[in-house]
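Please model the entire structure based on the sequences and the hints provided.
Number of protein chains: 2
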Amino acid sequence: MNITAFRYEDSIIVVDCGLSFPDDDMLGIDLVIPDVTYLLDNIDKVKGFVITHGHEDHIGALPYILKEVNAPVYATRLTMGLIEHKLEEHGLMRSTRRKVVKFGQFINLGDFRVEFIKTNHSIVDAAALAIYSPAGIVVHTGDFKVDYTPVYGDPIDLQRFGEIGKKGVLALLCDSTNAERPGFTASEKTVGATLDTLFREHKKSRIIVATFASNVDRVQQIINAAYQYDRKVVVEGRSMVTVIDIAQKLECIKVPDNTLIDIDELKNYPDNKQVIITTGSQGESMAALSRMASGQHKKISIKPGDTVIFSSTPIPGNEKSVTNVVNELMMKGAEVIFQDVHVSGHACQEDIKLIYNLVKPKYAVPVHGEYRHLVAQKEIARKLGIPKENTFILKSGDILEMDAKGARIHGKVPTGAVLVDGIGVGDVGNVVLRDRQRLAQDGIVIAVLGIDKGSAQLVSGPTIVSRGFVYVKESDELIEDATDLVLDEVTEALSRGITDWPKIKNLVKDILGEFIWKKTKRRPMILPIIMDN
Amino acid sequence: MNITAFRYEDSIIVVDCGLSFPDDDMLGIDLVIPDVTYLLDNIDKVKGFVITHGHEDHIGALPYILKEVNAPVYATRLTMGLIEHKLEEHGLMRSTRRKVVKFGQFINLGDFRVEFIKTNHSIVDAAALAIYSPAGIVVHTGDFKVDYTPVYGDPIDLQRFGEIGKKGVLALLCDSTNAERPGFTASEKTVGATLDTLFREHKKSRIIVATFASNVDRVQQIINAAYQYDRKVVVEGRSMVTVIDIAQKLECIKVPDNTLIDIDELKNYPDNKQVIITTGSQGESMAALSRMASGQHKKISIKPGDTVIFSSTPIPGNEKSVTNVVNELMMKGAEVIFQDVHVSGHACQEDIKLIYNLVKPKYAVPVHGEYRHLVAQKEIARKLGIPKENTFILKSGDILEMDAKGARIHGKVPTGAVLVDGIGVGDVGNVVLRDRQRLAQDGIVIAVLGIDKGSAQLVSGPTIVSRGFVYVKESDELIEDATDLVLDEVTEALSRGITDWPKIKNLVKDILGEFIWKKTKRRPMILPIIMDN
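Just so you know, the sequences run in chain order A and B.
So the number in our numbering is just where the residue sits in the first sequence, counting from 1, plus 67.
So the number in our numbering is just where the residue sits in the second sequence, counting from 1, plus 67.
Note that these hints are calculated values from the structure, not bench results.
All values derive from a computational prediction rather than experimental measurement.
For glycine and all other residues, C-beta sits at the position ideal for the given N, C-alpha and C.
Treat each hint with caution, since some may be false.
Said to hold, decoys possible - Think about it this way: if two alpha-carbon atoms lie no more than 20 angstroms apart in a straight line, the pair counts; the simulated PhoX-like pairs of lysine-lysine are:
| hint | chain 1 | residue 1 | chain 2 | residue 2 |
| --- | --- | --- | --- | --- |
| 1 | A | Lys462 | B | Lys387 |
| 2 | A | Lys455 | A | Lys427 |
| 3 | A | Lys462 | B | Lys399 |
| 4 | B | Lys479 | A | Lys399 |
| 5 | A | Lys334 | A | Lys370 |
| 6 | A | Lys387 | B | Lys462 |
| 7 | A | Lys399 | B | Lys462 |
| 8 | A | Lys370 | B | Lys462 |
| 9 | A | Lys340 | A | Lys299 |
| 10 | A | Lys370 | B | Lys455 |
| 11 | A | Lys479 | A | Lys112 |
| 12 | A | Lys462 | B | Lys576 |
| 13 | A | Lys588 | B | Lys153 |
| 14 | A | Lys399 | B | Lys387 |
| 15 | B | Lys321 | B | Lys365 |
| 16 | A | Lys387 | B | Lys387 |
Said to hold, decoys possible - Some chain A residues close to chain B (C-beta under 7 angstroms, calculated; not the full set):
| hint | residue |
| --- | --- |
| 17 | Leu94 |
| 18 | Asp97 |
| 19 | Glu386 |
| 20 | Val393 |
| 21 | Gly436 |
| 22 | Val499 |
| 23 | Gln524 |
| 24 | Gly528 |
| 25 | Gly535 |
| 26 | Ile596 |
| 27 | Met598 |
Following this line, the structure appears as structure tokens:
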């Protein structure tokens with residue numbers, strides 16, 4: 068959920084506007100977007116959104132936030148292509164001002180001037196930003212790697228980093244994702260060589276390659292290998308089809324004529340003339356590969372002799388689902404290859420040192436990655452001679468103030484996660500989440516009582532119904548005993564003249580909760596409902 | 068959930084009886100034990116449980132299964148110590164026959180003779196089994212590694228593996244966990260050397276070491292390092308205290324006098340004289356380390372200057388929780404060390420080859436590990452010259468039949484996961500789990516209607532209550548509209564003479580479900596309750 072506001076007096080620019088996917092305890096939530104109260108409070112100052120690249124964690128929240136903060140969006144070509152696809156889905160194309168920016172181009176946004184600098188990453192058209200302001204120059208790398216032999220376009224513009232560095236840079240905000248990893252990140256082209264070898268070694272089998280939907284260069288290389296070995300290619304998985312479609316229109320990917328075919332044409336070709344490029348490399352249960360593995364894909368089933376290549380690495384947290392898919396594929400007889408067919412899109416330690424040496428910032432502000440990665444980059448900065456007190460590890464919402472006197476963390480703006488569930492944005496809060504967690508744990512037991520308000524008599528019920536608690540046939544006796552207990556206690560309470568519904572509800576909650584805990588050692592949610600008759 | 072039955076005519080022996088922890092979709096489940104229908108159907112043939120080592124996935128289901136299948140239990144000393152602790156908790160000590168077996172010792176169980184062979188593993192007293200029967204010898208390695216310089220006791224008894232191999236072994240069941248990893252597994256002693264270096268380098272700070280509760284040798288080495296650098300040791304975390312307590316009584320661990328202290332005595336020593344050995348190396352939210360990291364531990368809080376060592380590696384699936392704990396520790400100012408302070412307890416590829424070369428089995432049956440690991444061992448066996456058709460990858464329940472004519476998979480016995488929730492064993496089935504998943508996703512909407520059966524009149528309600536669906540203040544209007552809708556539809560249905568309660572319930576379910584989906588794009592569980600008045 069990357070979003071950073073830069074402010075100089077009355078000008079604010081926003082770098083990136085990403086979403087994040089829900090944590091395991093955010094039950095039922097579809098996605099998470101940032102709280103932009105600070106921007107809303109200063110809406111007249113917001114000059115625009117400047118986007119570094121087209122990954123979901125950098126562009127995904129735009130359609131939600133633009134509805135509240137309608138400012139122009141600046142991005143490079145493929146990034147803008149992906150943003151526009153989102154804006155179309157949300158009906159925001161007409162209301163959103165947009166400008167496609169070229170590398171080396173400057174844009175003026177209030178007191179700021181922003182330059183887009185070519186970098187490399189696991190998506191085409193990634194940019195670093197040089198942000199010029201009266202207070203000094205800030206360089207923001209975005210997510211990046213150093214690739215001297217990229218598949219598409221130019222290598223990272225190291226000369227320009229050096230040139231700007233020479234002018235004197237106030238602060239460097241540098242990608243920390245791989246700051247724990249020693250050495251250099253390998254070029255994307257090395258994967259092409261591996262793919263070539265694998266295609267040569269598996270001439271007889273159908274080849275299925277799973278990778279990240281947005282990695283256009285990877286798809287390009289798979290297509291190249293397929294073309295080389297005279298195979299037809301099917302792209303499968305909605306998100307990948309979308310990205311490749313946009314990339315083709317923008318000519319970020321070159322597909323030889325008659326290479327891409329429709330999935331329904333597969334049957335016209337023998338197995339060893341087919342390549343299927345698919346989503347699902349993270350073991351996502353609804354993605355195409357998982358459906359193939361579990362036999363739920365309508366058009367492709369895995370069979371003995373298939374070769375499945377994972378051109379990816381599991382994102383932390385996905386290891387188990389990936390292994391489940393690998394197991395399923397193997398049980399269906401496929402050969403599964405998952406080693407050394409991937410390179411990272413992020414700079415490792417030596418690459419980070421290179422950027423620091425070109426930019427030579429006064430202040431270091433590690434960005435992107437877990438807290439542990441920020442700490443690892445701080446250590447790198449220290450080794451490069453940046454004094455400890457000149458490195459700032461920011462937490463969400465921290466305000467880093469930089470002026471002639473120095474730099475300091477000075478206060479906080481409101482931040483937080485806004486949960487999106489269905490079409491509801493922000494209407495699922497902590498109470499609802501806690502209830503879902505409770506329901507998930509031990510289910511719910513509902514006790515309905517019909518009470519005549521006038522006579523304070525129980526006229527119907529108690530009726531006790533449960534869901535997600537215990538299989539009913541096993542527990543008829545339990546529910547009967549509970550019903551008797553509630554009946555006795557409520558009748559007794561009413562006879563004592565207690566006619567305060569909240570009091571009766573609490574009574575039912577307590578005695579039922581205690582009874583169930585004693586009998587089952589479970590704590591379902593207890594929900595008493597009183598019907599006024 | 069390891070459990071394997073060996074049968075020869077009227078004799079059955081059971082090797083291991085483990086539990087597993089619930090998958091992510093088994094909401095609210097505490098643990099999972101195996102379905103032992105096959106043993107119950109053949110209960111008079113069951114001669115005993117033979118246990119290879121004391122890990123939960125090998126002993127954890129014993130107290131549950133022994134209640135149904137009361138047969139004697141055979142295990143080595145520490146393994147039995149850990150089993151007895153469980154039996155005491157379940158009140159099964161008096162009813163369970165037990166025998167502590169020494170390495171090299173044979174036990175006779177019906178037509179079987181079982182020999183316990185010394186191995187190494189991440190828990191003391193692990194054993195392989197040589198199972199002698201009229202059909203031939205089967206060697207079962209259990210979980211094992213080859214450690215020439217173990218911390219406690221002898222190295223694996225390779226001579227005996229060779230000697231038995233010379234006799235001619237029918238089948239080898241060999242641990243596959245690390246079958247994808249090339250090379251050899253390092254000795255546990257190498258960790259001792261690393262710990263020594265770390266203790267030397269961090270002389271000024273308090274040291275907290277997190278590791279697996281049952282890894283007695285690891286705890287021994289941490290205690291050794293503490294003693295060496297004149298520090299007092301606190302063991303924290305219930306499961307670890309239990310294991311160390313048992314290990315001390317059985318003299319599997321040697322603690323110098325006055326080294327272990329009580330947690331309340333910590334305050335009497337300066338930081339650099341303290342070592343805290345703790346559970347929580349997997350980021351488990353309730354474990355001691357996680358509570359320290361989040362500031363919820365009653366007696367220990369993390370502070371700047373602390374050194375926290377993860378003497379562990381994240382088990383697949385736990386990466387994210389471990390990273391969360393690491394982040395929290397770092398945010399509190401601790402230095403966190405998590406690289407190269409752990410070795411695996413399982414044999415890597417070259418170790419597996421060694422065992423195959425000593426045992427030289429006719430048939431290979433890879434065991435332990437994911438399916439992908441079993442496939443990796445099959446490939447190792449193939450490289451060692453075991454014909455493909457002589458290697459059997461079994462799925463749970465598969466019957467592998469071996470006789471003079473050969474070996475084959477021949478049929479299946481019933482298997483499955485029996486879910487334990489609270490004190491309920493097996494009373495949470497698919498229906499309950501599906502309900503919990505549904506409830507977790509979008510909550511529940513309950514509609515209560517009081518209907519007079521005689522007059523078929525709605526006398527109270529509809530009352531609509533929701534939990535885990537949407538925060539109520541935001542949705543008053545939604546609930547009001549839903550109430551009106553249900554009122555109209557039910558009144559209309561009753562007026563048309565529909566008095567069949569299931570029909571009315573379905574009607575409410577349908578219209579309410581559709582209305583809510585249209586308004587929110589969510590699908591809460593809809594639960595109509597009709598009260599007969």
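For a quick check of understanding: which of the numbered hints are violated here, in increasing order? 12, 14, 15, 18, 21, 23
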